[in-house]
Structures are given as structure tokens and as C-alpha cells.
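Asker: So the chains spell out like this:
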Amino acid sequence: MDAFLEVAGLTKAFPGVIANDHVDLTLRQGEVHAILGENGAGKSTLMKLIYGLYQPDSGEIRLEGKPVHFNSPRDAIRAGIGMVHQHFMLIPALTVADNVVLGDEPGGFRYDRKEAIRRVRALSEQYRLTVDPTVKIGSLTVGLQQRVEILKAFYREAKLLILDEPTALLTPQETEELFVVVRHLKDQGIPVLFISHKLDEVRDIADRVTVMRAGKTVGSVQVKGTTSQELANLMVGRDVVLRIDKQPLNAGASVLDVENVSVQGHDKHERVKGVSFSVRAGEIFGIAGIDGNGQFELVDAIAGLAKVVGGTVRFNGQDITRLSPAKRTQSGIAYVPQDRQADGLVLDFDLVENTILRDFRRKPFSSGGWLRASAARVYAESLIKRFDVRPPNASRKAGELSGGNQQKVILAREVGRNPSLLIVAQPTRGLDVGAIEGIHRELLKLRDSGKAIILVSLELDEIMSLSDRIGVIHDGQLLEIVDGPSATREQLGLLMTGIHPEDGMPLAVGTETSSSAPSSPKETGGQS
Amino acid sequence: MNNVWRSALRGIGTPIVASAIAIVIGGIIVSLIGYNPLTVYGSLITGAFGTLFNLSSTLTGAVPLLVIGLGIAIAFRAGLFNIGAEGQYWVGAMASVWVGYHFNQLPSVLHIILALIAGMIAGGLWGGVIPGLTKAYVGAHEVITTMMMSYIGIFLVEYMIEEPNAPMRLKGYIPESPAIANNTHLLPALPITAVKQAQLSVSIYIAIAAAIVAWLLLKKTTFGFQIRSIGFNQRASRYAGMRVPLYTILALGISGVFAGLAGGLQMLGVEYQLNDSFTSQYGYTAIVVALLARNNPFGVILAAIFFSALNTGGQNMQQVSGVPSSLTDVLTGLIIFFVAAERLIPVFIGWVRRRRSQGRAHDAQEGGTLA
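Chains A and B are the protein sequences, given in the same order. Going left to right, the first sequence walks through residues 0 to 527 as the working numbering numbers them. Going left to right, the second sequence walks through residues 5 to 375 as the working numbering numbers them.
Warning: the hint list may mix true and false statements.
If you want the footprint, here are the derived chain A segments under chain B, 3+ residues with CB under 8 angstroms [to be verified]:
no.: 1; region: 344–350
no.: 2; region: 362–369
Subject to a maximum C-alpha distance of 30 angstroms in a straight line, what follows is the list of computed DSS-like cross-link-like pairs (lysine-lysine) [said to hold, decoys possible]:
no.: 3; chain 1: A; residue 1: K158; chain 2: A; residue 2: K215
no.: 4; chain 1: B; residue 1: K224; chain 2: A; residue 2: K326
no.: 5; chain 1: A; residue 1: K65; chain 2: A; residue 2: K47
no.: 6; chain 1: A; residue 1: K326; chain 2: A; residue 2: K396
no.: 7; chain 1: A; residue 1: K362; chain 2: B; residue 2: K224
no.: 8; chain 1: A; residue 1: K396; chain 2: B; residue 2: K223
no.: 9; chain 1: A; residue 1: K326; chain 2: B; residue 2: K223
no.: 10; chain 1: A; residue 1: K396; chain 2: B; residue 2: K224
no.: 11; chain 1: A; residue 1: K272; chain 2: A; residue 2: K326
no.: 12; chain 1: A; residue 1: K185; chain 2: A; residue 2: K158
no.: 13; chain 1: A; residue 1: K362; chain 2: B; residue 2: K175
no.: 14; chain 1: B; residue 1: K200; chain 2: A; residue 2: K384
no.: 15; chain 1: B; residue 1: K224; chain 2: A; residue 2: K384
no.: 16; chain 1: A; residue 1: K185; chain 2: A; residue 2: K223
Ranges between beta-carbon positions, derived for each pair [claimed, not checked]:
no.: 17; chain 1: B; residue 1: F107; chain 2: A; residue 2: V377; range: 46 to 52 angstroms
no.: 18; chain 1: B; residue 1: A213; chain 2: A; residue 2: V377; range: 28 to 34 angstroms
no.: 19; chain 1: B; residue 1: K224; chain 2: A; residue 2: V134; range: 54 to 60 angstroms
no.: 20; chain 1: A; residue 1: G367; chain 2: B; residue 2: I216; range: 14 to 20 angstroms
no.: 21; chain 1: A; residue 1: S394; chain 2: B; residue 2: H145; range: 30 to 36 angstroms
no.: 22; chain 1: B; residue 1: A213; chain 2: A; residue 2: N392; range: 32 to 38 angstroms
no.: 23; chain 1: A; residue 1: V16; chain 2: B; residue 2: H145; range: 37 to 43 angstroms
What the hints contain is simulated information worked out from the structure, not anything from laboratory work. Built from N, CA and C at the ideal position, the CB exists for glycine as well.
Extracted from the complex, chain A is given alone in its bound form:
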């Protein structure tokens, strides 16, 4: 039997929306098959249907030719389907082996930990998922935690592996390591379903790709012989500009001067250590770095949300180091935080309340402590129109919007104030190609209109395509500021791991980066 998993005419409707509309999919034995689609295209729903989390309204799932019906993930696991969710389901305080066997432990009444370790070790050798079974999950990097999730699937004898947006939280190096694992699985004949909205990695890893759009499968194509542009157009349903042309830099006076700033994180540890840089009007200053190296604490500190323990922050010549966040907002600093649902929005508030979330104190939205609801509504509606927020209904709660539209609401709120400095952290995380394009265009438009912009992103491509200058942060220190247009991936990648390309010597042996160290010497070797 050639097809391992077949999905035929699968339909799932939720109140008001058909999430999956006669979806067809064929997964062949031993292939890596990508499901590509924008957010809200129905990828997750399809996976949940296959994994038994949802039950289809109609249609059929066939596993090795036989129709199957899963009432719960337990049924799906028993049938040999393994899934790694985007957000891991691990217990940090337990060891790798404990997590892998949890719920299906060896030994009878008494848990046989030795046997568990032995089996996990054997599995990790068989599938080349190198990880020490005896260490605690909490001490592992995201990439290694993901391996544990994969091990969990194989411990339950998965014959098919579903990876839901597996690279969303990984560094470039970790992504490459994951791909090595996936290729190895493929060699062993294990089919892999790979959910993604990133074109490049789909082209990199998948044999075939099924594109979804608005709940329907638009088509399945071989990856070989298809260009990124064709895939992008298929996915969005129109022509997409993948690279945006930039106007030449026209930088003005310095807007923000950060001098020797040190920042304390929530855990009282110093996360930023003596960073200095300045940002001029009309330029985008990118901050590149691997997650956890202090970049978000740095911008939090500029916005007034993290504690500055040393140095000064000057905004338009004024020392704002001790100013409250509200005062900074008023003085013209706008901030799009990295976690739009936890920080950027009050999800239970409607769009009117969310658009005035940081401006409710000033006229016309309030006067003398009384809210002016009608003025706020007019303003919210104008922003919704200008930024094309969908659905265009100011009474909707922010939590009911898609990720891309939530991001638009935040950006609209921050930009609508006409700030002179805009800080954006991870502005396109989890967004699809179409939405990313829109956000990038908006950022460039703001830059060209003379705003100073700080862009923090974990996506190197995003930093490189937008920034005029790039500061690379590693272990809380700004290692180097390089010219945006002439920077190369390799140069930035090495700097991000704390290595200067010229001397090839690690600058600091940070604890966070020790896990990515195995890959970096290899790269340096390739360079020299």
C-alpha cells in the first residue's frame, strides 16, 4: 500500500465558520509532507481531526487503507499517530525518561525507572535523537525539549509523526538539527506531516506539499520544480511580494541614545550588561540575537517596563531613565511588545477599549476621569479602516481576532499616536506570508516618514531585509553594530553565538548558548 494516511472530503464546521471544507490529503509511506497555509487556513483543525482532538462532521480518514474513527487522541496514538504540538507538554521538574514514559510506565505497580531509562536510551539511539534520559526537562533548551516530545511519540510506537509548526521556537541551528532528525526518520521509512507557514523551510525539508487556503486544500505539488513564489501565490491566492524594495536611507538626528545601560530581569539577574547604541530618525535599527540573550529586557527597559540598574536612556536629548511607562508613552515612545496576547492586548476587551488601552488618559478619550466612549469608538473605527483590521467591527473582543489582525490592532494603536520612536519586538511572529508583508510595508512606510524604529526579531531574515543597521546581542552585550545592507547571514549567525568572524574565538561562554555550541565550531570550520 503506497498511501499511509488518506484524508478524503473531511469537513469540520464551527459556529459561523467552516474550518475544514472537504479537505483531501494523501500521505505516502516514507515521505515528508508539508501542510502549508496562512494562519486560519485550517491547518491546525486538520491536524486535530487526524489526531482525534476533534471529530469530523463528514468525510473519512483512512490509515493504511482502513477507515478509522478516533474519539480521542488516545485512539489516534493507539493507531500509531504521533504528534508534537507547537507548545510542548512536558513537566519541567521530571527527567527526560520520566516525561517520555509518563502515562505508560514500565513496571507494574512499582515504576521501573531503570527500565524506563534503558528504553528511552535505546529509542534515542534508534532514531538518532541524542538526549540524556536522566537530565531534568527544565534544564534543556527548546530544541532538546522538542526531541523529547518526538521520543514520546516513538515510545508509543508512532508510525506517523505530525510536527505542528516545529520550528516556531527554534534557533536557526536548532532548526537545522531538527531537519537532520526528520531526514533520518524519512530514511527509516517513517512518514512525517510537517505543518508550517514558512516557505523556505518547507522547500528545505519536504518532498511534497499540500497547500491550504480558507479551509480548503488548494492542491498538492512536488516541492522539486516549484518555486517559492509559486508556493506563496498558491497559499495566499494572489501575487505576493517576498522581498520589499527599500527606499535609500535618509537618516536625521539621533532620537534615542542608550548609554552603557544595564537591566535587571524579573529574576533579579542582570540580563543586559552595559549596552550603548543610538537610533536616528528615519532608520530601522535591528537587534539580532538568539532568544534569551537580553534583547527583550533591553527594549522593555527603553519602554520603562524593566528595571535599569545602570547607565542612561536619552530620548530626544532628555534623560528618561527614571520616567514612568505612561510618561514615556506620552512623550512619544511607542512599543509593540513581543507577546501580543499576554502584553499587547487585553483579550477580553473590545477593539475600542484596546485601541485606547495606553491613551485613555488623554483627550479626547477621557476628560476629568470620565471616558468619552464615542470619541474612542470613532478613533478605533478609523484605525480599523486604515490598517484593514478584519473583521472591521470595533465591538469585537480582541481575543476573537486572528493573530495577524491582533498584531494589526497593536501596531495601529502604537502608530496611531504618531510617535517619534517605535519599538517593535517580534512583529510578525506566527503570522502568515500575507500578513508579514503588510506589517513590513507598514514599518518601512514609517521609517520613510522619518520615525526612528527599533526592530527586535529572532528571525534573521526579517532583521536583514528591514534594518539599516543591525546590533547583535549576545549574553546581554551588544557585540557589534553592523551595516544592514552589507551584513551576511554567516557573519550575523556567528556573532549571535558570541563569535567574532575575524578571530573565530568565542567571546563569552554563556550558559544559554552552550547547547548550540556543537554546531558553531562546524560552521567556523566551514568558513575558514
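For this one, chain A is given, so just place chain B on it according to the hints.
Answerer: Below, chain B without anything else, positioned relative to chain A:
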């Protein structure tokens, strides 16, 4: 527009469904122990609303529940659980009584206002200072601190009148405080004998005004905007530049202000002095009132009347039908259960739907094999 209606319906739907289920189950219990549920509920309803006197008594009992419930609802909106309103109520009552039998030269209206304000300040400080500060700056959980402060408050008031030489004790054998000045007694709500007998004073108007104030405060002011924002998402509120610790203190304080006002109204409208019974339980029932009202100030009015009606009607029910009035406690318990378990209702509906769709999928499959 459609959306607004639907969300409004959903807002009041669950409490009504919860109350209805509780009433039905209560009816089943009643019939199981051999009574006719229709007679029982009939007597409950006439007891609560049947005559002008009964209706007035219900409203009299609703006043403290209403006013305390408003404060608890405000705290809930800020994401805070003020479980110690009972103590704030008594501390407020004590302050109002103290002012009520001092300053006897003051003109009536001024004296009343001063007494009520004293109660509000006392309640506000009791709820705001220690629970508020410890919550805001060291993260002490308000459920613990308000509860502890509540006991301290109740025992403080008890101390004030208990021992022979206690500070607020009236000379004599009965542990009670001096009565408040006659000119501080609140007027009857209507100049009708039944209303007077039921001790329904103008406090009912003050209570309804308090509900309007609470609604305006939450919905129409920047203060309420921040309270609600903090209640939903502290991190986003901090990011938005709100001073989360300050508003935590204020929310608990205002919650106490309402409880203190309730204490003052009860003293000035009904009891006229402190005496040795601290078993009102208003502060606890009011938590249920706020829950049933889903923290909507106008809902609090209805919920307060509902619970007060259970209480006044329960006594009549016992006399007429012979069912112990503690059945109303059973009903209260059932209502609390179903309101608290409101998430069970969608889960239940989802389960029914799943069953059905599964049936459909089976049918479709069978149809497929036949074809």
C-alpha cells in the same frame, strides 16, 4: 446589534438557568420528603412578595446584600476576591454608630451623612490598607488577608460592647452600645404603615443610587477602565502604563467602602445600635449575590432581592407548608453550585453535540459502505 443582544442574553442566561435548575432540584427534594412543591414554592413567593409588608421586608433585607455585593463585584472586576466583607461591614457599622450617638448638635441630614461617611471610611480602610498593601507589595493573597481582617474586625466590634467597661458599651446588663441620636434615623421609604413596620427606609434608594454609582464607576470612568483592565490582564495593564499596585489597593479599599456603607445603612435604618449579635452573614451571602449577578451592578440589585426573598419567604414557607426554612439554604447551595459550575453547562452541551455528530458520522460511514 445582534451581537450585543446575544452577549447580553448570555450574560443573564447562565444565572437564570442556574437558579432554575436549583429550584427544580429543590422541588424534587421537597416532593421526595412528601410535600407538594407547588404549595411550598407558592408559600415561599407569597412570603417574600405577597403583601406590602412582606415585599418591604424583602427589600429591607436586600439593602445590605445589595450594597456589599456591589463592593465585592468591583473587587471581582479587578480580579480580587474580597471574602472579608463581613468584617468590613461590622467595622463600618461600628463607626457609623459611634458618630451616630456623638455630635448630637448637628442637624439631621449632616449628622446622617457624617455617620455614613464614617462607616465608609472605616470599611474602606479595613479592606484597603492591610489586604491592599500586602497584596500589592508582597503578594499576600487577598483571600487570606481579607478573611483574617474580617475576623479581627468582627471581634473588635464585639470587644467594643462585650465587657462591662468596654469602650462603646451602654451602662447596664445587656451588652449593647448607646442608641444613635433620633435625628439620625433614616426616614421610611414610603409614609405607609406596612413599609414602616417592615423598617424599609430610604436606604433602599441610597442602595440603588450606589448601584448606579458602581456602574458608572466601572463603565464610564478611567478608574473603572483600569480596574477592569487589571482584572483581565495585569501584564498588559502594566505595559499600558497603569499602576497595578495602586489600583489593587484602591479596588480592595472601594470594596470595603461599600461594605462599610452597608453597615452604616443597616445601623441608621434598622438597628439603631450595636448589640450582641454578629450573625448577620450579609458579607458572605453578598459574595453569592455578586457571583450570581456576574459582577454587573444592576444584576446585583436583582440578585440581592432574590436572596433576600429566599430568606423572608422561607419563614412563611415554614409556617404555611411545614417545610423547614432551611430548605432555602439548600436552594442557596444549589444555586451557588450551578453558578460556580457554569462551565459545566457548555461542556454538557458540547458533549451532547459530539454524541450527535458522532452518530451522524457513523451514519455517513455506513451509507458509504452501502453505496
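Asker: Please go over all the hints and tell whether each is borne out by the structure.
Answerer: Each hint, compared with the structure:
{"no.": "1", "hint": "344–350", "result": "holds (count 5)"}
{"no.": "2", "hint": "362–369", "result": "holds (count 3)"}
{"no.": "3", "hint": "A/K158 - A/K215", "result": "26 angstroms, holds"}
{"no.": "4", "hint": "B/K224 - A/K326", "result": "23 angstroms, holds"}
{"no.": "5", "hint": "A/K65 - A/K47", "result": "19 angstroms, holds"}
{"no.": "6", "hint": "A/K326 - A/K396", "result": "27 angstroms, holds"}
{"no.": "7", "hint": "A/K362 - B/K224", "result": "15 angstroms, holds"}
{"no.": "8", "hint": "A/K396 - B/K223", "result": "16 angstroms, holds"}
{"no.": "9", "hint": "A/K326 - B/K223", "result": "24 angstroms, holds"}
{"no.": "10", "hint": "A/K396 - B/K224", "result": "18 angstroms, holds"}
{"no.": "11", "hint": "A/K272 - A/K326", "result": "25 angstroms, holds"}
{"no.": "12", "hint": "A/K185 - A/K158", "result": "11 angstroms, holds"}
{"no.": "13", "hint": "A/K362 - B/K175", "result": "59 angstroms, violated"}
{"no.": "14", "hint": "B/K200 - A/K384", "result": "60 angstroms, violated"}
{"no.": "15", "hint": "B/K224 - A/K384", "result": "25 angstroms, holds"}
{"no.": "16", "hint": "A/K185 - A/K223", "result": "17 angstroms, holds"}
{"no.": "17", "hint": "B/F107 - A/V377: 46 to 52 angstroms", "result": "51 angstroms, holds"}
{"no.": "18", "hint": "B/A213 - A/V377: 28 to 34 angstroms", "result": "31 angstroms, holds"}
{"no.": "19", "hint": "B/K224 - A/V134: 54 to 60 angstroms", "result": "55 angstroms, holds"}
{"no.": "20", "hint": "A/G367 - B/I216: 14 to 20 angstroms", "result": "19 angstroms, holds"}
{"no.": "21", "hint": "A/S394 - B/H145: 30 to 36 angstroms", "result": "35 angstroms, holds"}
{"no.": "22", "hint": "B/A213 - A/N392: 32 to 38 angstroms", "result": "35 angstroms, holds"}
{"no.": "23", "hint": "A/V16 - B/H145: 37 to 43 angstroms", "result": "40 angstroms, holds"}
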